[in-house]
Amino acid sequence: MSNFTVGIVVFPGSNCDRDILWALEGCLGIKTKFIWHESSDISEFDSIVLPGGFSYGDYLRCGAVARFSPLINSLIDFVKTGRRVIGICNGFQILTESGFLPGALTTNKSLDFICKDSELEIITSKGNWFNSSNNKINLPIAHGEGRYFCDEDTFKELSDNDLIALRYISNPNGSSYDIAGIINKNGNVLGLMPHPERACDNTIGGNDGLFTLKSLIESQ
Amino acid sequence: MNQFEAKVSIRLRPSVLDPAGEAIKSAASKLGVEGINSLRIGKLIEVNLEAKEEKEAKEKIELLSDRLFANKVIEDFDYDLKEINE
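Sequence lines, in order, name chains L and Z. For what it's worth, the working numbering labels the leading residue of the first sequence as 1, then goes sequentially. For what it's worth, the working numbering labels the leading residue of the second sequence as 221, then goes sequentially.
Worth flagging that the hints you see were computed from the coordinates, not collected in a lab. Heads up, some of the hints might be wrong.
Going by beta-carbon spacing under 8 Å, a handful of chain Z positions derived as facing chain L [claimed, not checked]:
(1) Ser235
(2) Leu237
(3) Pro239
(4) Ala240
(5) Ile244
(6) Leu283
(7) Asn291
A quick note: this is a predicted structure, and the numbers were derived from the prediction, not measured. The beta carbon of each residue, even a glycine, is placed where N, CA and C say it ideally should be.
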């Protein structure tokens with residue numbers, strides 16, 4: 001565990017990369033390293049975080065340009081090894097745009113940029129991303145384009161395979177089926193709109209995000 | 221090589237809510253324009269490109285539209301393509 005290194009990907013426009021570093025190193029004592037998105041060698045990392053922000057200024061669609069970076073290409077093989085990847089907010093948008101996770105994220109129903117705490121229900125225990133002794137957690141959200149969209153067939157596939165990670169108790173953005181986060185079939189890739197890295201210390205409002213970030217160094 | 225001009229239209233699929241379109245629709249009625257049943261916002265991308273022939277230009281535009289310009293989960297696209305004689 002002491003040699004475990006989490007890679008934090010930095011795109012032009014990422015802005016939660018340092019928050020992730022603070023949460024992982026400062027709150028959990030986990031070694032991290034920033035990786036510029038042009039890097040294609042990510043073999044030294046044990047798990048990867050795609051942070052929030054506005055990669056490439058959200059031009060065209062959120063995550064649409066970032067998905068063509070060399071690093072995302074390398075992520076295909078990385079994911080196949082079973083190592084963990086978490087995409088938070090813009091990172092989730094990149095994971096759907098690049099096909100690691102199904103569905104898409106688009107403009108909030110209200111058109112507002114929503115920045116507040118959100119109460120979430122933990123749906124799956126697959127992948128051990130969340131503390132199964134809790135049914136509900138509180139994590140902050142901060143997005144203008146966080147409305148998860150999937151059609152009925154995709155929803156059925158997500159439900160049948162137990163791939164829905166989190167659901168909003170009170171849907172803030174119009175997401176299909178109240179979905180706030182999903183995982184891939186192997187359970188090693190998690191994408192979510194809420195920010196666990198902003199809920200890692202009680203002095204800033206809660207620590208419900210600690211378990212999820214700590215799971216980056218745990219086996220499934 | 222021949223020169224081509226493509227105009228690619230990208231639209232949200234009918235099943236996907238367009239909140240920005242709804243906001244513009246509401247502004248249209250405030251302007252006093254009545255009778256608007258539906259208003260949806262899309263994108264127009266204009267591309268000038270080189271290709272040996274129309275078939276190749278078409279293939280390039282379709283690849284770009286399918287993989288980059290539109291997200292097929294939520295969007296559809298169509299395009300007009302013409303050769304430009306300079």
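Here is how each hint holds up against the structure:
Hint status for Ser235 of chain Z relative to chain L: holds, with the closest Cβ pair at about 7 Å, below 8 Å. The interface hint given for Leu237 of chain Z is met, as the beta carbon of that residue sits about 6 Å from the closest beta carbon of chain L, less than 8 Å. With a cut of 8 Å, the hint placing Pro239 of chain Z at the interface with chain L holds, because the nearest CB-to-CB distance is about 5 Å. Evaluation of the Ala240 of chain Z hint against chain L yields a held restraint, the C-beta minimum of about 6 Å falling below 8 Å.
With a cut of 8 Å, the hint placing Ile244 of chain Z at the interface with chain L is violated, because the nearest CB-to-CB distance is about 11 Å. Taken as an interface hint, Leu283 of chain Z does not check out: its beta carbon lies about 13 Å from the nearest beta carbon of chain L, beyond 8 Å. For Asn291 of chain Z, the shortest C-beta to C-beta distance to chain L is roughly 5 Å, which falls under 8 Å, so the interface hint holds.
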